Amino acid sequence: MSQLILFNITNGLIVGAFYALMAIGLSLILNLSGVINFAHGGFLVIGGYLSYTLTPYLGFWGALIVAPFLTAIIGWLVERLLIRRVYGRDPLYSLLLTFGLAFIIEDGTRQIWGAQGLPVSVPAALSKPLRYEFFFITGYRLFMVAMVAVLIVLLFVLLRYTRSGIRVRAGTLDLETVSALGINVRALRSLNFSVGIFLAGFAGVLAAGQLGLDPNMGDGLLMPSFIAIIVGGVGSLTGTLLGGLLIGVAAGVTAVFFPSASDAIMYVMMAIVLLVRPRGLLGEEGMLS
Amino acid sequence: MNVLEVKNVSKRFGNLVAVRDVSLTVKKGELRAVIGPNGAGKTTFFNLISGFFPPSAGTVIFEDMDVTDLSAQKRVVLGMARTFQITEIFPELSVYENVRIGAESAAGFRLRPWLSAVEKSEIRNLVDETLALCGLTDKAGRLVGELAHGHQRATEIAMALTLRPRLLLLDEPTSGMGDQETYEITQLVRRLHRDSNFTIVLIEHDMRVVFHLADFITVLDQGALLAEGTPKEIEANPAVQAAYLGKAA
Amino acid sequence: MIKGRTSRLLVLAAIWAALIAAPYWMPLFGGYTALGSRVLVLALGAMSVNFLLGFTGTLSFGHAAWFGLGAYGAGFCLKWFALSSPLGLLAGTLLGGIAGTLLGALLVRRRGVYFAMVTIAFGQVFYYIAFQWSSVTGGDDGLRGFSRQPLHLGFTTIDLLNNADAFYYFVLVCFAAAVGLMGFILRSPFGRTMIAIRENERRARFLGIPVELHIWIAFSLSCFFMAFAGALYAELNNFADPRVLHYALSGDFVIMAVMGGMRTFWGPLLGAIVFVVLQDYLSSVTVNWMSFIGILIVLIVLFFPRGILGLIRQRSAA
Chain A
4 MSQLILFNIT
14 NGLIVGAFYA
24 LMAIGLSLIL
34 NLSGVINFAH
44 GGFLVIGGYL
54 SYTLTPYLGF
64 WGALIVAPFL
74 TAIIGWLVER
84 LLIRRVYGRD
94 PLYSLLLTFG
104 LAFIIEDGTR
114 QIWGAQGLPV
124 SVPAALSKPL
134 RYEFFFITGY
144 RLFMVAMVAV
154 LIVLLFVLLR
164 YTRSGIRVRA
174 GTLDLETVSA
184 LGINVRALRS
194 LNFSVGIFLA
204 GFAGVLAAGQ
214 LGLDPNMGDG
224 LLMPSFIAII
234 VGGVGSLTGT
244 LLGGLLIGVA
254 AGVTAVFFPS
264 ASDAIMYVMM
274 AIVLLVRPRG
284 LLGEEGMLS
Chain B
513 MNVLEVKNVS
523 KRFGNLVAVR
533 DVSLTVKKGE
543 LRAVIGPNGA
553 GKTTFFNLIS
563 GFFPPSAGTV
573 IFEDMDVTDL
583 SAQKRVVLGM
593 ARTFQITEIF
603 PELSVYENVR
613 IGAESAAGFR
623 LRPWLSAVEK
633 SEIRNLVDET
643 LALCGLTDKA
653 GRLVGELAHG
663 HQRATEIAMA
673 LTLRPRLLLL
683 DEPTSGMGDQ
693 ETYEITQLVR
703 RLHRDSNFTI
713 VLIEHDMRVV
723 FHLADFITVL
733 DQGALLAEGT
743 PKEIEANPAV
753 QAAYLGKAA
Chain C
4 MIKGRTSRLL
14 VLAAIWAALI
24 AAPYWMPLFG
34 GYTALGSRVL
44 VLALGAMSVN
54 FLLGFTGTLS
64 FGHAAWFGLG
74 AYGAGFCLKW
84 FALSSPLGLL
94 AGTLLGGIAG
104 TLLGALLVRR
114 RGVYFAMVTI
124 AFGQVFYYIA
134 FQWSSVTGGD
144 DGLRGFSRQP
154 LHLGFTTIDL
164 LNNADAFYYF
174 VLVCFAAAVG
184 LMGFILRSPF
194 GRTMIAIREN
204 ERRARFLGIP
214 VELHIWIAFS
224 LSCFFMAFAG
234 ALYAELNNFA
244 DPRVLHYALS
254 GDFVIMAVMG
264 GMRTFWGPLL
274 GAIVFVVLQD
284 YLSSVTVNWM
294 SFIGILIVLI
304 VLFFPRGILG
314 LIRQRSAA
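Residue numbers (our numbering), protein chains in the order written: chain A, 4 to 292; chain B, 513 to 761; chain C, 4 to 321.
Any given hint might turn out to be false.
Claimed, not checked - Computed beta-carbon distance windows for the label pairs:
# : chain 1 : residue 1 : chain 2 : residue 2 : range
1 : C       : V277      : A       : I76       : 32 to 38 Å
2 : B       : Q692      : A       : G185      : 36 to 42 Å
3 : A       : I76       : C       : Y284      : 50 to 56 Å
4 : A       : G215      : C       : T289      : 24 to 30 Å
5 : B       : H661      : A       : L84       : 35 to 41 Å
6 : C       : T289      : B       : K632      : 53 to 59 Å
7 : C       : A251      : A       : L7        : 34 to 40 Å
8 : A       : R280      : B       : F565      : 15 to 21 Å
9 : B       : L528      : C       : S286      : 31 to 37 Å
The hints are simulated quantities; they were obtained by calculation from the structure and are not laboratory data.
Keep in mind it's a predicted model, so treat the numbers as computed, not measured.
Using N, Cα and C, we set each Cβ at its ideal position, and we do this for glycine too.
Chain A with its partners taken away, still in its complex shape (with noise of 0.2 Å):
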């Protein structure tokens, strides 16, 4: 019994931390744009498409790096050419947009690699089970989890420390301010919006080489990264991670004794932090309430 827990639990921050990474790349865009991104999982799925395409030529390691750089770049061109259009408008139409734009993404996956899912594979060296008492975690878990962890890692580093990070993260406290003082706002949010959708790209090669891939693969997994932000706290990137890490450990714990209800615990997490905390577990007061 207790293994199985720790099965669930390992299995959980598995699960966590890639909605976290999926989840971080929307709220980074909502923070500074105000733009929720339901074509977050489009892009997602176009990373891994990207790589699976790309693997032959550039091999799996090749196309880890390239896919999302790819994606980022489409991600970039988007923000030129539509997203752009929506700042400052009610987000409604943010919203109606991004959807609109999901639903294109969709089909056009679907008219370029067909309507099957493709199976990926992934080097034998990280597809074997590291140890046969703990079978269920394959150097490939690892390897996702130690990603993402890079990723993240030098995410808050770079927003910390370099002058567009800081500038960043002052505009997600007070925009005016920043324009006023002479920021080019437009062209940071065109590079935030790439560097969200990058990781989304990232995080499409990563679940391609554990689920394989299919034209739907992003609309499961953008609710989670919905409540891995609502959980958190709308507002702060630690949060989101650490609401992206608690919603899939306890989706992992659940699993072990009501396996039907283990994507309901989310939503009962959500609705428990709406009740208690309502501005999310490291959430601002009044950010966007």
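Please arrange chains B and C on chain A, whose structure you already have, making use of the hints.
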């Protein structure tokens, strides 16, 4: 009788103390002006009185009732109405509709699915009277968003009046207006005070308006109470002159 | 003023005349009666979303949940409890409306983009429940094995199941009742407070209106209307599956409202007609209909944010 008693209120935002230990008593029928140089904490002080946010310390008493912990909305229901420095109206509705929403809310009809003919005519009379008092009768059918600034402000005051407030708080009623509009609003406030006996506290920038209207003046500087007295006393007060001249220089 | 009122009455008369005559003129344009019923039901959903969005200024992007609960509620009732179309509608309306009201209490302190996000996430709860709890809901296959029942009026019995026109008129009567009630509420003192909150929440608060309570009531009413539409939808299809609870459908309702003109009462009806007919047509001619719908949405957001009626109104004002 005291309509408003503010006792030693303070408001801190992080490290910044916006209002420091300010007290104020307003009697029934009085018109009190709160003045002070920019950044003196006037609007913050107003927000504490009207319940926009709670004070960090001190109490606010309205007609012998401690309202310190009550929300803004509850204070309105008790009889405290206010206007804002930047006019807060319903821009896409007509002047009549703006004022009617206030009248229906004040009459306790806000949750009602319908009104009887008698109730409807009561509301209509109240709205018509208030519009006439504020000189808006000929503007009743116009969308507020399309009116001149002075008329928007008058509409906002009319909405506040439908609540039949026993304390009316006006935050810079003439801000951003030309001479003609300033004059009209000043006359309106004067009528409300002299003829209709409203108890009024107002923040004002324009000293002509203040000295023309106020019975008593409270001067704030850097969040604290600097002086209090009749317009004559304030005019002669060297500390007030220093505060204003110091800022001007 | 009088001219405005006359032209408004004329428009109203035209709308109802067109709806009443629909089974006769639709076939001329290649339509069929069941499509007309579908348009009406989805239009009622879009109008319920707009009741909240257009008139209280509160965006729920998870309203399919209440629509879907209405559908399942009607299905459960017809399958297990009572073989009666009206009772099915009642059961669905109560299930979705009450669930929405309860969850609404958790939501009303949130605003704007945060409110939208929480409504989406809560809406999905019911999607997962319907998906997972297959012993009750039929899971992914959907709830089957029920059908709408003949309507007994005492003096006569109307066969709703096999007579498509009869069912269309049944839906139209339900639609008229719900829409009439909506219009009535919006013209009431309470309705005016909703509009006040949309226009300026701070001013509403400083007129003594308890904003959270009023948003909650508006949200709750909107959920009941939505659930009623959902219950009709189940009786239309004799079937309910988890997709009626999915946020993608919520998005469809919002886009119908925006496309038609969300600050207008009848806009969502127009939006629903265009959207449903277009979707029906596109999905019959191309497998890539999703892209077309997506592009349509993007174009509306970028170029016609006020919707069709908003545009007409702007034109006539200029």
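Outcome of the hint check:
1. C/V277 - A/I76: 32 to 38 Å: Check passed, 35 Å falls within 32 to 38 Å.
2. B/Q692 - A/G185: 36 to 42 Å: holds (38 Å)
3. A/I76 - C/Y284: 50 to 56 Å: Distance hint for A/I76, C/Y284 is violated at roughly 35 Å.
4. A/G215 - C/T289: 24 to 30 Å: holds (28 Å)
5. B/H661 - A/L84: 35 to 41 Å: Once the Cβ atoms are compared, 39 Å apart, the range 35 to 41 Å for A/L84 and B/H661 holds.
6. C/T289 - B/K632: 53 to 59 Å: holds (55 Å)
7. C/A251 - A/L7: 34 to 40 Å: holds (36 Å)
8. A/R280 - B/F565: 15 to 21 Å: Holds, at about 20 Å.
9. B/L528 - C/S286: 31 to 37 Å: violated (60 Å)
Violated hints, in rising order: 3, 9; the structure is consistent with all others.
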